[in-house]
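Visitor: One letter stands for each residue in the lines below.
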Amino acid sequence: MFSCCHFIKGANRSLLLDTQRDSYYLVPNSMPDFISSVSNLDLDHTLSEYDQGDYEIALQYVEFLIKNDLAFFCDSAEEAAAFLPISMAWQYPSEVTNAVIEVDNLVFIPAITHCIGTFFIPTLHVIFLCPVVNIDHLWNLIKPFNGLSNKSIQISFENKDQITVEHLTDFCYHHPKIELIIAFNSQIETSAKMFGCSLVFTKQKDFSKAACGSIQQEYFNTGLRHFTESIQHNTCLNRKISIDSEGNIKNCPSMVESYGKIWDTTILQAIEKPGFKNMWNISKDEIMVCKDCEFRHICTDCRAYLETPENPHSKPLKCGYNPYNNTWTDWSINPLKQQPIIYYGLNEL
Amino acid sequence: MILILSDCTDVSTDYAIEWFRYCRLPFIRLNDIDLINTVVSVEFKEGKQNIIFNLKEQIVSLDEITAVWFRRGILGFQSNFKNMSAHSQELTDQVVELINLENKTLTDFVIAKLAQKQVLNNQNSYNINKLQTLAFAQELGINIPVTAIETNRKAVDAALKRPGEQIITKPIQDIFWLNYNGRTEAQYTARLSDYEDRPENFYYSLFQECIDKKYELRIFFINNDFYCAAIFSESTDGRHDSFKEKLPRIIPYQISDKLKTQLAGLAKRCEINCGSIDMIIDKSGKHYFLEINPVGQYGMLSKHCNYNLHEKIAHYFTHEKEII
Ligand code: SF4
Ligand code: SF4
Numbered sequence: 001m002f003s004c005c006h007f008i009k010g011a012n013r014s015l016l017l018d019t020q021r022d023s024y025y026l027v028p029n030s031m032p033d034f035i036s037s038v039s040n041l042d043l044d045h046t047l048s049e050y051d052q053g054d055y056e057i058a059l060q061y062v063e064f065l066i067k068n069d070l071a072f073f074c075d076s077a078e079e080a081a082a083f084l085p086i087s088m089a090w091q092y093p094s095e096v097t098n099a100v101i102e103v104d105n106l107v108f109i110p111a112i113t114h115c116i117g118t119f120f121i122p123t124l125h126v127i128f129l130c131p132v133v134n135i136d137h138l139w140n141l142i143k144p145f146n147g148l149s150n151k152s153i154q155i156s157f158e159n160k161d162q163i164t165v166e167h168l169t170d171f172c173y174h175h176p177k178i179e180l181i182i183a184f185n186s187q188i189e190t191s192a193k194m195f196g197c198s199l200v201f202t203k204q205k206d207f208s209k210a211a212c213g214s215i216q217q218e219y220f221n222t223g224l225r226h227f228t229e230s231i232q233h234n235t236c237l238n239r240k241i242s243i244d245s246e247g248n249i250k251n252c253p254s255m256v257e258s259y260g261k262i263w264d265t266t267i268l269q270a271i272e273k274p275g276f277k278n279m280w281n282i283s284k285d286e287i288m289v290c291k292d293c294e295f296r297h298i299c300t301d302c303r304a305y306l307e308t309p310e311n312p313h314s315k316p317l318k319c320g321y322n323p324y325n326n327t328w329t330d331w332s333i334n335p336l337k338q339q340p341i342i343y344y345g346l347n348e349l
Numbered sequence: 001m002i003l004i005l006s007d008c009t010d011v012s013t014d015y016a017i018e019w020f021r022y023c024r025l026p027f028i029r030l031n032d033i034d035l036i037n038t039v040v041s042v043e044f045k046e047g048k049q050n051i052i053f054n055l056k057e058q059i060v061s062l063d064e065i066t067a068v069w070f071r072r073g074i075l076g077f078q079s080n081f082k083n084m085s086a087h088s089q090e091l092t093d094q095v096v097e098l099i100n101l102e103n104k105t106l107t108d109f110v111i112a113k114l115a116q117k118q119v120l121n122n123q124n125s126y127n128i129n130k131l132q133t134l135a136f137a138q139e140l141g142i143n144i145p146v147t148a149i150e151t152n153r154k155a156v157d158a159a160l161k162r163p164g165e166q167i168i169t170k171p172i173q174d175i176f177w178l179n180y181n182g183r184t185e186a187q188y189t190a191r192l193s194d195y196e197d198r199p200e201n202f203y204y205s206l207f208q209e210c211i212d213k214k215y216e217l218r219i220f221f222i223n224n225d226f227y228c229a230a231i232f233s234e235s236t237d238g239r240h241d242s243f244k245e246k247l248p249r250i251i252p253y254q255i256s257d258k259l260k261t262q263l264a265g266l267a268k269r270c271e272i273n274c275g276s277i278d279m280i281i282d283k284s285g286k287h288y289f290l291e292i293n294p295v296g297q298y299g300m301l302s303k304h305c306n307y308n309l310h311e312k313i314a315h316y317f318t319h320e321k322e323i324i
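Quick note, the sequences are listed as chains A and B, same order.
According to the UniProt record's numbering, numbering within the first sequence proceeds without interruption in unit steps and concludes at 349.
According to the UniProt record's numbering, numbering within the second sequence proceeds without interruption in unit steps and concludes at 324.
Think of the hints as simulated: they come from the structure by calculation, not from any bench.
Even glycine gets a Cβ: it sits at the ideal position worked out from N, Cα and C.
There could be a bad hint or two in this list.
[Stated by the list, open to error] Cβ pair distances, simulated, as ranges:
no. : chain 1 : residue 1 : chain 2 : residue 2 : range
1   : B       : Ala-135   : A       : Ser-23    : 43 to 53 Å
2   : B       : Pro-163   : A       : Gly-196   : 47 to 57 Å
3   : B       : Asn-129   : A       : Gln-216   : 33 to 43 Å
[Stated by the list, open to error] The calculated lysine to aspartate or glutamate pairs, modelled on EDC-like cross-linking and capped at a C-alpha distance of 16 Å, are:
no. : chain 1 : residue 1 : chain 2 : residue 2
4   : B       : Lys-286   : A       : Glu-78
5   : B       : Lys-154   : B       : Asp-225
6   : B       : Lys-214   : A       : Glu-79
7   : B       : Lys-283   : A       : Glu-78
8   : B       : Lys-283   : A       : Asp-75
9   : A       : Lys-205   : A       : Asp-161
10  : A       : Lys-160   : A       : Asp-104
11  : B       : Lys-213   : A       : Glu-79
12  : B       : Lys-283   : A       : Glu-79
13  : B       : Lys-268   : B       : Glu-291
14  : B       : Lys-214   : A       : Asp-75
15  : B       : Lys-303   : A       : Asp-22
16  : B       : Lys-48    : B       : Asp-63
17  : B       : Lys-130   : B       : Glu-291
18  : B       : Lys-213   : A       : Asp-75
19  : B       : Lys-154   : B       : Asp-212
20  : B       : Lys-260   : B       : Asp-225
21  : A       : Lys-177   : B       : Asp-14
22  : B       : Lys-113   : B       : Glu-165
23  : A       : Lys-160   : A       : Asp-136
24  : A       : Lys-160   : A       : Glu-189
25  : B       : Lys-286   : A       : Glu-179
26  : B       : Lys-303   : B       : Asp-14
27  : A       : Lys-277   : A       : Glu-95
28  : B       : Lys-312   : B       : Asp-212
29  : B       : Lys-258   : A       : Asp-75
30  : B       : Lys-286   : B       : Asp-212
31  : B       : Lys-286   : A       : Glu-79
32  : B       : Lys-283   : B       : Glu-165
33  : A       : Lys-151   : B       : Glu-185
34  : B       : Lys-214   : B       : Asp-278
35  : B       : Lys-214   : A       : Asp-69
36  : B       : Lys-303   : A       : Asp-18
37  : A       : Lys-151   : B       : Glu-139
Isolated chain B, as found in the complex:
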């Protein structure tokens, strides 16, 4: 039985599941709420540990689970403890904190046991630290844009300013959404020159040299197999705007064996075995690594390059079935 941890809106899971069914792979898909308090019991006896799950009303023991696809769902625990009105707020807070700690221990243990199965990724690496990934890339000899986290203009200029070149700024971790006055705004990559008045001092912010892009690369990998596309977009305005404009060209591209080895090393250090990597190629042909993401969408890549990635995911699990 293959466990798929996903969410109900993820179409990539839908497509992959069609292949699971076609390949006759037994699976159970768990979305959002299906993932809360799934454990019936954890027992240590007769020299071994066993976990009994209740997965959408189906009782399954740890032994029956052969593989797990950590797509994007998070297995976790939630107590229905709200507050103890009879007691003080102080006591309530302490109990909540205690329960959270208990939950964390339980979750970590269950995940560790599941991680011993045939797995694609792990929920602990969904939110991989972006700075850490840049560091790993640099250590593996993969070129990255000059990056600096600073708190004042002088330091930014000193670190990055080159005549005639732009500087961009973006969130240190992920794009985030701000809701205010009934509007939603995304915080994404922007050119520094777009800001009219820039304060002299500011809170820790990330700056990067702006690469004079020829095209971007989107690289999907699964178990050291790489599927890469070059994306030509006319965007001149920061990086993450590209898809808003005229349909970009997305066509198959082959990365060098050297880069493959480096990226395989990077994935390993990030502890993910399936995901997407974004890179940029500048006008002189130089590669720059931007980010690695285990939960991103790869449907576009699969569709435009005819890579059939949904089948590749199912195939990963069929392959292992034969070994077991």
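Chain A on its own, in the form it takes in the complex:
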């Protein structure tokens, strides 16, 4: 098999992930077993030892892999030995890869920028909870964040005054680092691309904490970087830092635990506090239910809303998938989830 293709075994079936072509196949669990037993061996010889039924199935598997360009034949064992597995290492040249910053009270902004200082954060996501009156206002609001050391910025704001795509044209042109703008509570649903920036206008009213964390197939990520990160780390919280609207430095705005306030703690100090990085390393293989799910390494995660709130290794609350019977249902009406839903106050939305 091409080493860019990987099996993820679930309770009932497996997912065959093709990280290079960004696609996946759902296959029986016997396929990965079969592949590992014949990989790099003389196929004809191995198959000749199978009984009739297994032989037919094995042949079907081989055909499937070849047809979908997932495997290839080598002429000799030496040739096969030259094909090495892909390293599963995940590295990134920065202590933190992304930050989520909630801005409600504008008075906090100097303290926010001060606590970040010169610390390099590749992707900065700024969520304006305060009303954005018009486009000039947005220009002013984003100013202090432009100066921070980063590669790209994403912004979300409540579209009170019906800012339009046209309004944002000039804005995008002058802010090349901004790669995503989400205008929530808009009157229209639309998206556009402007000077390399994606614009999303959504009618979704609430962009606060409680709206985050939903697990959907649309969010699945089939890339190699996501896959390798998922093997060892938490795919939502790894190297993430956030500042909530009250100035708390946290793993994410929805978390309860605060690792200091922006007035007395720098970002660097916060992440070095005991416990902060614990969340970074909770991988899907350690999470209940997810560890039996075939989607686990292309899936996103959420540690803020859990099925069993007191267990940090519990399954994300907002996932409607059951890997034991392979069905998706609406999580919010699942009778078993009503208790945690009330616990997190999600029923009030």
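Use these hints to put chain B with the ligands onto chain A, whose structure you have.
Guide: Then chain B with the ligands, alone, in the frame of chain A:
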């Protein structure tokens, strides 16, 4: 201080720089125009030579530069002398030629001094002679496709024609781009059979036997460490077309120790210590060397094989920092 000679469009430099920053390596990146007339003065006194640079408004002396990464930028000199309208064209031409000679001497000296630092490559080997590299490979016992430069059909057939086999032709040095009638066309590898009428006689052109490819190898090397990928592409049409078609498979591959030693020898003779090598493996498993390139892109290789080559580049410089 590490000097990075690059150009502003090179993303490989961008990625490597993230690692430089992470490893706390002091560096200064110079792109295109930042590389012209960077020298403030060259002085020979008190028994030693010193060069003072002005690098993006920062005054740096030769001693402060510990290492240089010749990625693709070219350090050089340019006089703003245009023409002397009062004088004849003849005189102008002579002055231009004189200045060019002066510039060359100055550039060569500055580069030679920089080359004494910890360096990745050298700008003098960016455009390494392709025929020379084939010759080096052959001398080191690395298999290469049968290659001939000829001026007429008969000679090509005599040198290369085998029953049932194809012959390809490509530029002797690099792929080049022709602009005409507002269109841009690339001159790259093509099969001879693609040309309907072939003249009997022609200007010097390069021909090669067409290898019945099983897969290609792209080998990145830095300081005798090799990172290799096998590339499976469905291309049937010449070699350089492969990437246009369905996404090729690019997966890790290990070359033999014998080949590693040979390629290390080749890199040494080409005077480059970092770059990419292209090879082909034919249906019978035989290797053929195609080319070696110090300035090529290795991002694809790094990404698909998870080799983290950007970090390897930064690491090369951290390593040396400890020694100094
Ligand atoms: S942990 Fe959950 S709530 Fe927090 S950012 Fe991740 S998905 Fe959103
Ligand atoms: S159970 Fe749900 S959250 Fe867990 S890995 Fe599967 S799809 Fe993702």
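Visitor: If a hint holds in the structure, say so; if it does not, say that too.
Guide: Against the structure, the hints:
no., hint, verdict
1, B/Ala-135 - A/Ser-23: 43 to 53 Å, "45 Å, holds"
2, B/Pro-163 - A/Gly-196: 47 to 57 Å, "54 Å, holds"
3, B/Asn-129 - A/Gln-216: 33 to 43 Å, "56 Å, violated"
4, B/Lys-286 - A/Glu-78, "13 Å, holds"
5, B/Lys-154 - B/Asp-225, "44 Å, violated"
6, B/Lys-214 - A/Glu-79, "12 Å, holds"
7, B/Lys-283 - A/Glu-78, "15 Å, holds"
8, B/Lys-283 - A/Asp-75, "9 Å, holds"
9, A/Lys-205 - A/Asp-161, "14 Å, holds"
10, A/Lys-160 - A/Asp-104, "14 Å, holds"
11, B/Lys-213 - A/Glu-79, "15 Å, holds"
12, B/Lys-283 - A/Glu-79, "12 Å, holds"
13, B/Lys-268 - B/Glu-291, "14 Å, holds"
14, B/Lys-214 - A/Asp-75, "11 Å, holds"
15, B/Lys-303 - A/Asp-22, "14 Å, holds"
16, B/Lys-48 - B/Asp-63, "11 Å, holds"
17, B/Lys-130 - B/Glu-291, "7 Å, holds"
18, B/Lys-213 - A/Asp-75, "14 Å, holds"
19, B/Lys-154 - B/Asp-212, "23 Å, violated"
20, B/Lys-260 - B/Asp-225, "9 Å, holds"
21, A/Lys-177 - B/Asp-14, "15 Å, holds"
22, B/Lys-113 - B/Glu-165, "50 Å, violated"
23, A/Lys-160 - A/Asp-136, "13 Å, holds"
24, A/Lys-160 - A/Glu-189, "14 Å, holds"
25, B/Lys-286 - A/Glu-179, "47 Å, violated"
26, B/Lys-303 - B/Asp-14, "14 Å, holds"
27, A/Lys-277 - A/Glu-95, "11 Å, holds"
28, B/Lys-312 - B/Asp-212, "34 Å, violated"
29, B/Lys-258 - A/Asp-75, "21 Å, violated"
30, B/Lys-286 - B/Asp-212, "10 Å, holds"
31, B/Lys-286 - A/Glu-79, "11 Å, holds"
32, B/Lys-283 - B/Glu-165, "14 Å, holds"
33, A/Lys-151 - B/Glu-185, "35 Å, violated"
34, B/Lys-214 - B/Asp-278, "14 Å, holds"
35, B/Lys-214 - A/Asp-69, "15 Å, holds"
36, B/Lys-303 - A/Asp-18, "14 Å, holds"
37, A/Lys-151 - B/Glu-139, "47 Å, violated"
Checked against the numbered hints given earlier, the structure breaks hints 3, 5, 19, 22, 25, 28, 29, 33, 37 and satisfies all the rest.
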